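Q: Please construct the entire structure, taking both the sequences and the accompanying hints into account.
There are 2 protein chains.
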Amino acid sequence: MCEMESTHKPLLFSYFRSSCSWRVRIALALKDIEYDLHPVSLIKNGGEQYSEEYKKVNPMQQVPALRIDGFTLNQSLAIIEYLDETRPNPPLFPKDPKRRAQVRMISDHITAGIQPLQNLYVLEKIGDTKLEWAQHFIIRGFQALEKMLQDSAGQYCVGDQVTMADLCLVPQVANADRFKVDMALYPTITRINQSLLELDAFLVTHPSRQPDTPPELRAKTP
Amino acid sequence: MCEMESTHKPLLFSYFRSSCSWRVRIALALKDIEYDLHPVSLIKNGGEQYSEEYKKVNPMQQVPALRIDGFTLNQSLAIIEYLDETRPNPPLFPKDPKRRAQVRMISDHITAGIQPLQNLYVLEKIGDTKLEWAQHFIIRGFQALEKMLQDSAGQYCVGDQVTMADLCLVPQVANADRFKVDMALYPTITRINQSLLELDAFLVTHPSRQPDTPPELRAKTP
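Chains as they are written, first to last, in the UniProt record's numbering: chain Y, 1 to 222; chain H, 1 to 222.
Hints in this document: simulated from the structure, not taken from any laboratory. Do not rely on the hints blindly, as some may be mistaken.
One copy or two, it doesn't matter: identical chains are merged, so the pair holds either way.
[Said to hold, decoys possible] No more than 25 Å apart at the CA atoms, straight line, and that leaves these computed lysine-lysine pairs for DSS-like:
{"no.": "1", "residue 1": "K130", "residue 2": "K31"}
{"no.": "2", "residue 1": "K31", "residue 2": "K44"}
{"no.": "3", "residue 1": "K31", "residue 2": "K98"}
{"no.": "4", "residue 1": "K98", "residue 2": "K56"}
Quantities reported herein were computed from a predicted structural model and do not represent experimental measurements.
A: Here it is in structure tokens:
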């Protein structure tokens with residue numbers, strides 16, 4: 001009986017520290033969608049994402065991927081847009097087309113303009129100068145993002161509603177922290193990030209609270 | 001009078017060879033939207049995108065950007081989604097949510113998984129090994145894309161309708177050609193690309209036919 005139920009639950013392939021996986025975990029939490037988690041370690045055994053088994057799940061050998069409604073999706077924004085189209089409450093987009101465009105501009109700016117240049121796979125190819133490389137691209141992206149947010153932000157990235165843009169912002173700020181970027185230069189980004197981290201959906205999906213989080217990186221508070 | 005009309009026409013900031021600009025040019029052509037073109041050379045004077053004037057148009061100092069309906073958009077996919085929401089004919093997405101998700105997966109795969117790693121700004125930082133670097137990321141992305149298309153393609157990337165995914169595919173294949181990637185390994189990508197290049201909207205927007213195309217790179221046939 002439990003197994004039957006389980007086969008109908010969405011299955012998320014995720015790594016605790018992957019910022020792209022975190023975006024999708026937040027969407028699932030906001031929409032209160034129960035799911036099973038299949039951890040894929042990007043580190044263990046040279047990277048479990050490179051296994052033949054996982055290649056069948058996602059030919060790009062990246063996390064996240066989501067099995068849902070009888071098919072398998074990858075690419076975090078495509079997953080979030082699908083969830084929003086098929087499970088519209090609460091919506092992750094405003095209704096006004098211009099505001100929707102602002103949400104997608106900010107999301108694409110982070111997911112295509114910043115994150116791909118500082119992900120694990122790229123940094124491994126960069127080698128010794130990887131910290132400087134990652135900082136360079138995050139700083140360049142955050143300088144532009146700080147300006148973009150001055151046009152769009154209210155309490156969150158676009159007005160006062162939590163949108164897909166916020167699901168991209170928080171994991172990217174966590175990456176910036178890991179790469180020791182000085183966040184004092186980006187007061188709007190910092191303020192929005194802090195507001196979002198007070199919300200349950202962002203807290204429970206945090207990399208420090210995942211089933212595959214190593215004990216030494218686990219959040220100490222319950 | 002002409003000037004009045006002109007101020008109501010959308011204004012596209014574009015560079016003839018930018019694959020991200022080409023995506024938007026195709027969308028505008030398919031939807032038969034008249035626009036004025038403001039060429040931004042990524043090469044001349046150390047790159048016109050770095051000017052203080054252009055920074056006000058797009059803080060990320062990249063093309064494309066589109067002035068339309070009283071505001072300025074950047075990020076090609078956000079622009080295309082906005083055009084599709086406000087000018088829905090012909091639609092650039094199927095109606096079925098799963099097919100829509102396939103369109104976004106393929107689009108994100110190209111625009112976040114491949115293009116950012118071989119764009120001009122990144123290659124300038126890579127230096128001498130830039131050809132090998134660009135080839136590596138295009139080949140890795142095309143291997144996955146070829147598999148993804150086997151699940152989704154009909155005549156075009158997703159079924160038999162031209163979608164946003166096709167607007168991403170053709171400019172990325174042009175980039176692959178420039179970086180001398182052996183396309184014989186990707187028969188599905190090659191077949192779809194050839195079908196699309198028979199359509200007017202892809203032809204008239206081609207980098208070889210733009211107002212800012214240098215004479216030596218211009219298409220010879222009318």
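Q: Hint by hint, say whether it matches the structure.
A: Structure-based check of each hint:
no.	hint	verdict
1	K130 - K31	neither (36 Å within a copy, 43 Å between copies)
2	K31 - K44	neither (31 Å within a copy, 48 Å between copies)
3	K31 - K98	both (24 Å within a copy, 19 Å between copies)
4	K98 - K56	between (38 Å within a copy, 19 Å between copies)
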